[in-house]
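Asker: Next come the chains, spelled out residue by residue.
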Amino acid sequence: MKPFDFIMPGSLSEAYTVWEELGPAARLLAGGTDLTVALRHGHLATDVVIDLKGIAELKPDIEDDAGWLRVSAGTTMTTLCRYLSERALLPALQEAARVVGSIQIRNRATLAGNVCNASPAADTVPVLAALGAEVEICGPEGTRRTLITAFIEGNRQIDLQRGEIVTAVLIPKPQGRHGCAFDRITRRRGVDLATANLCCNIDDKGAVLFGLGAVSPRPLVLTDESGVMGDPKANHEDRAKAIQVMAAKARPISDVRASADYRSAMLCIMADRACKTAHARRAGGMDA
Amino acid sequence: MPDTLKSLGGPGANSGATTLGSLKTMDLMVNGQPVTREVAAHISLLDFLRDDLKLKGAKECCAVGECGACTVLVDGEPVNACLLLAVEGQGKSIETIEGVSKGAQLSTVQHSFLKCGGVQCGFCIPGMVMSAEALHRAMPEAGEVQVREALSGNLCRCGGYNRMFDAMRDAAGQKVQCHTTAPITGATVGADISRLGGVERVNGSQEFLADLDIAGMAHLKLVTLDVGRAQIKRIDTSKAHAVPGVIDVVTAADLPQPVARFGPAYQDRPIIAVGETRYHGEPVAAVVAESKDIAAYAAGLVEVEHVALPAVTSIDAALAQGAPLVQPVELRPDDPLAGSNVLKELNFGWGDVDGAAADLVVEKTYTFPMVTHFAIEPHGFIVDAQEDRMKIWSPVQHPFLLQKIMAGLFDLPLGAVQVIAPDPGGGFGGKQMPKFEPLVAVVSRRIGRPVRLVLTLEETFQAVRRAGARIHVRSGFSKDGDLLFHDIQSDYLIGAYVDIAERVTTKGNYLACGPYRVPNARIRARPVLSHTTPSCAYRGFGTPQVNWAVEGQINEAARQLGIDGLEIRLRNVADKGQEIVRGEVPADGHWLQAVQRAADMLGWDTTKPAGRGRGIAVGIKAGATTGLSNAMVRLLADGSILVFAGTSDMGQGARTIFAQIAADALGAPYDRVSLIMGDTDVVPFDLQTSASRSTVFMGTAITRACEDIHAQVIELACDTLGIPETEIRIEGGVIVLPDRREPIFDFVQKSLGSWNGELIGNGRMRKPNVAEHPLGGSPAFFEFNCTAFEVEVDRDTGEVMIHKHVTVGDVGKALNPLHVEMQDEGAAIMGLGHSLYEQILMDDAGRIRNLGAIDYRIVTSKDMPVRLSTGMIENEDGPGPKGSKGVSEGAILCTAPALGAAVADAIGVVITDLPMTPERIWRAIQEQTLG
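Top line first, the protein sequences correspond to chains A and B. Just so we're aligned: 181 in the working numbering is position 170 of the first sequence, and the numbers increase by one with no gaps anywhere. Just so we're aligned: 453 in the working numbering is position 349 of the second sequence, and the numbers increase by one with no gaps anywhere.
If you're looking for bench data, these hints aren't it; they were derived computationally from the structure. Since we're looking at a predicted model, the values are computed, not measured. Accuracy of the hints is not assured; some may be wrong.
Listed below are the simulated SDA-like cross-link pairs for lysine to any residue, each with C-alpha atoms no more than 25 Å apart in a straight line [to be verified]:
hint : chain 1 : residue 1 : chain 2 : residue 2
1    : B       : LYS468    : B       : GLU671
2    : B       : LYS396    : A       : ALA49
3    : B       : LYS343    : A       : ARG51
4    : A       : LYS13     : B       : GLU671
5    : B       : LYS128    : A       : LYS287
6    : B       : LYS196    : A       : ARG38
7    : B       : LYS966    : A       : LYS13
8    : B       : LYS196    : A       : LEU39
9    : B       : LYS966    : A       : THR89
10   : A       : LYS252    : B       : GLU1031
11   : B       : LYS196    : A       : THR89
12   : B       : LYS396    : A       : VAL48
13   : A       : LYS13     : B       : GLU409
14   : B       : LYS128    : A       : SER22
15   : A       : LYS287    : B       : THR122
16   : B       : LYS986    : B       : ARG971
17   : A       : LYS13     : B       : LEU157
18   : B       : LYS343    : A       : ALA37
19   : A       : LYS260    : B       : ARG1027
20   : B       : LYS396    : A       : HIS54
21   : B       : LYS158    : A       : LEU204
22   : B       : LYS128    : A       : ASP283
23   : A       : LYS64     : B       : GLY136
24   : B       : LYS343    : A       : HIS54
25   : B       : LYS128    : A       : PRO14
26   : B       : LYS196    : A       : THR90
27   : A       : LYS287    : B       : ILE1029
28   : B       : LYS343    : A       : GLU97
29   : B       : LYS196    : A       : GLY21
30   : B       : LYS196    : A       : GLU68
31   : B       : LYS128    : A       : THR90
32   : A       : LYS13     : B       : ARG953
33   : A       : LYS13     : B       : ASP155
34   : B       : LYS196    : A       : MET19
35   : B       : LYS196    : A       : LEU204
36   : A       : LYS70     : B       : LYS196
37   : A       : LYS64     : B       : GLN137
Input sequences plus hints: build the corresponding full structure.
Answerer: So this is what it looks like as structure tokens:
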């Protein structure tokens, strides 16, 4: 690995001062489960690594405030899963966070890192996208919030300006009668990257949204405009048709994990399954 | 230790620097002790623990957080030490495997791992134990779901998962069926005795190759190209040379010309690429430096001007008219096939295939992917090469073969080449033959220092693999299901250099018709060269490929004839004494018993649950055909026993079996036996550790060495007691005297003192070469296996859920039933890998697309069948001690065809290409629906 320097700022202002000064010569480190591999393999090179874990404002913390969950940038998947599970919150996000790597990975990997890494196959992103989650970004110019669907601009590309740091992921807690579910397809049952993944979210009015992963360079959120998917009693053919219409908007690629047409087909399978689970959750009145 | 650190400078003379990058000071707690150290920012926590603190329990394998071999606890939570920078440890409390046991006092989890047989080669075990510890501490009563999840970030290639699940139940205080028993002196053979060397493996103190620190050692890194085949135009090493700490950079031009070539059968592989690379990852240069970190960094600075050349990486491409020749004609003098990529045309057969009148002819083509061994220990080598002698450390399966090849290459007497073979952390055939030992030796000689090369997992993938295959078979059957003929055309895709691939193709295809009575057979097999990693030995040695096809034919015939998969096998599989290959030794076991046992264990006759399918298949592999194994046993005056054996214990448990044999033969407690292995200066010659031969060959040699001691014990008794020889005899480990019976162990303690010495027994087993036999000799035994499955398939996604997986081997005699089960399960799980997930994928430029642990999928704890069970048939009819046979490969021979039959039974689609990935099964279902 190419040697680099290491800075561990203690405060946010200290962090973005140095981050702004260094610009492209530096990389931000949270859990490191993606960054370390990229640096070792030479996919990325850097002169300086700025470790965010010393920043007081980013310490692992989840706040439930005014209808939003604010997940600080230092919060690991393990901490997130435990928090959600203890409160029976956001089962779809739990499902997604629980399959990010192994326990060892989830003990390091952060939710914010999963978003910022901007891998099209990230598991939490379709859920966050479908829920309308945002990232909170602090920088020299102040603080801004942006939708995750806008923040992720492409494969490994994010809307982060010089000096800016993602400080939290903000997730709106669905209100009223709603249901949300996550599904994924992998090559094996054990730890694996998603071949394709998907989240289905049904809101209190019965509108159905799908967040799709690994089938386009950036997260794809599709609305069921037919209204069929919102009807739990809709017949199979109508559902299949509605799903087909949506799946046609995905742009999957063929790669080492799967072919494009398998991905497309699995989108339809997952959409149907996740939608059924979401309806069941909605009917059960569970907090989803 | 090597002797000297002769010329610290050497060529390059840029020595001195041992670290790269600016140092940070950090304070942390490690295993309860405060530590303050300086470390460079880019150094991983794993390297810091291993290299700076010398805590070598945590291992490096994948370096991407997939394998878990480096798992440590940070503030009580398991993490991958390879993914943390050491500097992130600042202020943290780290617990490593070294901190888990209190001296020799093992933790509950460690104790359970040993007791339940969770430990094989042991390379994954320190990491595995850390994950298991974390779970056990947080949730002592954890059930199997939690256990499978907790261990799923740790890969075990020996396939010990079932035993680990048992271990966790045991640790939770539940009753576990299968675990080790306390050895009863004189009767350890046949009992589940705990692994010799097991404690070192669970507490992390076992030293593998990468854990060795040899004084004065420098570190080598290979320079490779990101292309399959290329012409090398120019290599500029100046930037690498300029890095402080770099000692030397070596290319083909720096070596004695012409650059020597080597190989076990064909001397075709150059020490380093000369002018052209022939496969993705073939090294073109090597950088040697004061640290592995410096070497790795500098290797990236070597500039290689090259031109990509067309590469052939498939059978079709290699056989195409006008295909580029993988090996130039001059490398294959006097070879009529030198103008093609076909290495050999092998023909076997008997009877009259064309004249056989069949009611049903089945004709299909099957493919088997290239797969890689993925031993959790990546390959590594250390060589201290002087002008007149050489010392090599290599976790090699065949230390004496390595010695011979190196002595030949470097023109040294055998006695001047010492090979020290630390226990391999998994071998599976991949560690049989020399790979980079010659290159490391050349560099060591140049710089006058010991040199170490430890490959990354990616480099290991590029170094070893199994031959892929395409097999076309026509098979004839009577309407009642009698097998009448097989007409087999096998093409094995081997690599750019032959290694042992010709023999793999030969041995696999010689028995292509499997364990059946086949009246007519024609087998044409070709190893085909390609621009890919040289394929080598791999568990099953050429049989799993052809057996996938031939068993697929039997299954297809059964379906078409409306006969049950079990019935067609009971009808055609040879039973003991019946001929399989015309003129060859006949079936050496009651194979039909194994078939019936597997069916019974699966519940073949029971009502099949809705939506499930069942399948069954059989396979045989030829055991070792030739070779010599020597053993020496020293019985010391106090009854201690030293056994000297040239076998490599790579997880199969040879050390344990040998100790059992010697203990019983000499009436000694098991714990008084020590095994000395893996040092050619010390142990007598053994041909190799392969073909599941060690129990039979070395086990027999040790038995005979003990018999040699028996004769001396009688002499001792005559001498000390004044009794005539005719009145003394040995029974088992007991000396029978006119007035008493006494274990030899006790007797020598009383009597040997007067001789002032010890008794030394020598023994050997030799199976001579038979020149006219296609294999050089008849197999010493056959490994027979029957495997059966019950599965469910998700028709929407193509995912397979295995409810039951049963494997039964014909083992002769299980000297240690628990060890037999561990080997059998390991082979079965490895078989699941190539059946369901594993495949090396190439791009058009001849590059491996899924290099490394992220996109090459092997079986994890969560992929284990709901139930996997092993049965064994014991008729004590093998050639080894107590009638034993080899057992390490049987269960991998027919995993895929049995699983394929079960999938077909469940959903009605027949897969002929491996692996049966969800996508492949889904696609077949789509075609079925459309068609």
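Asker: Which numbered hints does this structure break?
Answerer: 4, 5, 7, 15, 16, 21, 22, 28, 31 and 35
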